Structures are given as C-alpha cells and as structure tokens.
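A.B. asks: Sequence:
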Amino acid sequence: MTIPDTEYMNRIRNFQEKMREKEVALAFIYGTDSEPLYLRYLTNYWPNFETGSLLVPQEGEPT
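Start counting the sequence shown at 1; every next residue gets the next number (the working numbering).
I should point out that these hints are in silico values taken from the structure, not numbers from a laboratory.
None of these values were measured; they are calculated from a predicted model.
Virtual Cβ for every residue (Gly too), placed ideally from N, Cα, C.
Hints should not be assumed to be uniformly reliable.
[Stated by the list, open to error] Distance windows between CB atoms, simulated:
#, residue 1, residue 2, range
1, Asp-33, Glu-59, 29 to 35 angstroms
2, Ile-3, Asn-48, 17 to 23 angstroms
3, Asn-48, Lys-22, 30 to 36 angstroms
4, Asp-5, Tyr-30, 31 to 37 angstroms
Model the full structure from these sequences, guided by the hints.
C.D. replies: Take a look at the structure:
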C-alpha cells in the first residue's frame, strides 16, 4: 500500500496544530533503523544503518 504525499503533508499540518495548542515553538524528531516510528510517520523516511532527524517549526516547512 502506498501512502500519498498529501497524507504526509496533512500529518505535518496536524502535528503543527498540536504544537500551537501546546505552545511548542520547535519539535525535534529523531529516528534510527531500530526506532524509526515517529520519523517514518511524519516523513516516510526509514533510516537504514544510520540516524535521521526532522525539525518541525510551529509555522512553515519542516527541515
């Protein structure tokens, strides 16, 4: 099953809405090959033999 890119964009927007509700300015999402869950949920990136991270601001595009 392929998840469309629009679903990942919606997940980021929903996450940012929760950040605004909780007054969180910036979130750091970290994942490894053995613990990719949050990173994969938001980006579909599964780090293989490495680590991955994502910075999500309250407003704007994640990095």
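A.B. asks: Hint by hint, say whether it matches the structure.
C.D. replies: A quick look at each hint next to the structure:
| no. | hint | verdict |
| --- | --- | --- |
| 1 | Asp-33 x Glu-59: 29 to 35 angstroms | 31 angstroms, holds |
| 2 | Ile-3 x Asn-48: 17 to 23 angstroms | 19 angstroms, holds |
| 3 | Asn-48 x Lys-22: 30 to 36 angstroms | 32 angstroms, holds |
| 4 | Asp-5 x Tyr-30: 31 to 37 angstroms | 22 angstroms, violated |
Checked against the numbered hints given earlier, the structure breaks only hint 4 and satisfies all the rest.
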